[in-house]
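What follows is the residue order along each chain.
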Amino acid sequence: MHVINLSKTRDQEFISRVEQESGQNLSLCYQCGNCTAGCPVTFVYDIPVHQIVRLCQAGQKDAVLGCHSLWLCASCQSCTTRCPNSIDVAHIMDTLRHMARRDGYATEYGVKSFTDSFLESVERHGRAFELGLMMLYTMKTGKFWTDVDLAPAMLAKGKLGFKPHPVQNKEAISKIFKRFREEFAQ
Amino acid sequence: MTTLRYAYYPGCSGLGTSKEYDMSTRAVCEALGMELIDITDWSCCGSSPAHTVDDRLAGALSARNLVQAGDIEGVDAIITPCPSCLANLKTARHRLQKPEFRAEVNKLLERPVHGDILPVKSVLQAIVEDVGMEELRYRVRTPLKGMSIAPYYGCIMNRPPKIMEFDSHENPMALDNILEALGATVAPFNLKVECCGASFGVARRDIVERLSGKLLNLAAENNAQAMVTACPLCQMNLDARQNQINVANSTNHVMPIFYFTQLIGLALGFSQSQMGLEKLVVSPRELLAGAAG
Ligand code: SF4
Ligand code: SF4
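Protein chains in written order, with the working numbering: chain Y, 2 to 187; chain P, 32 to 324.
Next up, chain Y with everything else stripped away, as it sits in the complex:
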């Protein structure tokens, strides 16, 4: 069993950051477990979602930002919808992912690489370009595209283009990313 010493590792600043960035009041959670009961991906989580909220209340930054669950949340909004205290739990999960990224925790490298590849594709073309995104993903992970078995059917059906469909004003989108890095990224 994994034991956490709550008094030694309580990080008050972490608690305030989570509350401020997610706009949620963590102390409203009374650990009913409704969020976890409806969470479709609990079977791959190392920490179930109600326990993540509990660990946030207790200021356990390392345990929370270092867990796998954050990267495996499907953003299905079931937790948010079913919380009896109207806590936007999915937004807390999003906020924690933002922090984990900024602070250099990435426990699911494949998931992070997929996100990065997707956004790089959008930054370049203004729209998502599926084949290009898969090539970026392969380069980042060193894993050959695991979906090659899908490619022939998708190509034959004209669903996987060889060329991106860029927007005319591509700079407008790449500048959103550039300004974002200048303004807000660490």
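Since no wrong hints were added, every one of them can be taken at face value.
Here are the computed lysine to any residue pairs in the SDA-like style, where the Cα-Cα straight-line distance is at most 25 Å: (1) Y:K171 with P:L149; (2) P:K193 with Y:Q21; (3) P:K50 with P:V285; (4) P:K138 with Y:A173; (5) Y:K171 with P:I148; (6) Y:K158 with P:S302.
Everything labelled a hint here was simulated from the structure, so no lab data went into it. Note that the structure is a prediction, hence the values are computed from the model and not measured.
Starting from the known structure of chain Y, arrange chain P with the ligands on it as the hints suggest.
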């Protein structure tokens, strides 16, 4: 009948993996008296990845499209077929009501957000609310008699209710009612709003194989001959990945997965190729031949 006019946001997948959804949406909307005006030079809304990186970045990617939709004259709403685009556009619109969030997003944009933003709806909502079931029923030429279909909504079309503001978030009925209006049989399906595994197909296929597998199993147990979706990602997971799912779970489903617009189109009298049916990976040909015969 007066024509309904909308600013249309097609979404990136409509150019690739869900071409048939875009095709059938355009054809069906026209036939139902809905005029779609594409948002000029629309760009990606950020899809599922952007909001996992930063709220302001995600907000700006959606906001660029909301601003450009505002240039279109004589429309009351933006509509999009894709629930993921819908959720992003609606969440951005919701958060942009807050002046602090708006100010931060505006720092990222070439054309900042000013004043009101057009409401955003799904194509599904526009057909249900603006066209209506009575009108739809009246326009059916070839009812989908004898076909039993499971209505699958996916997780985010109606959730969270405070933002999505459409139908019930636990037991939505829009697709059920459409199937009924088209003359099809609605198969019982109590996983209507369960998650299919979302965009984890690439990085963690095991998640999609388990969650989408559960959906296919239930549809088959309830004797559905096909499933109907409104989401490109759900459709892709259930259709294109059906073989991967079968291999992983030792099942042998051969379950066609339609977009709801394709079924409306067939019932309105469009041909199978006009609805892009040949683009579905699991072919519905046999099912449709059986229904016609
Ligand atoms: S559903 Fe809400 S109150 Fe219950 S454990 Fe989850 S976050 Fe806490
Ligand atoms: S949003 Fe994430 S944490 Fe919440 S129920 Fe869905 S998958 Fe689980």
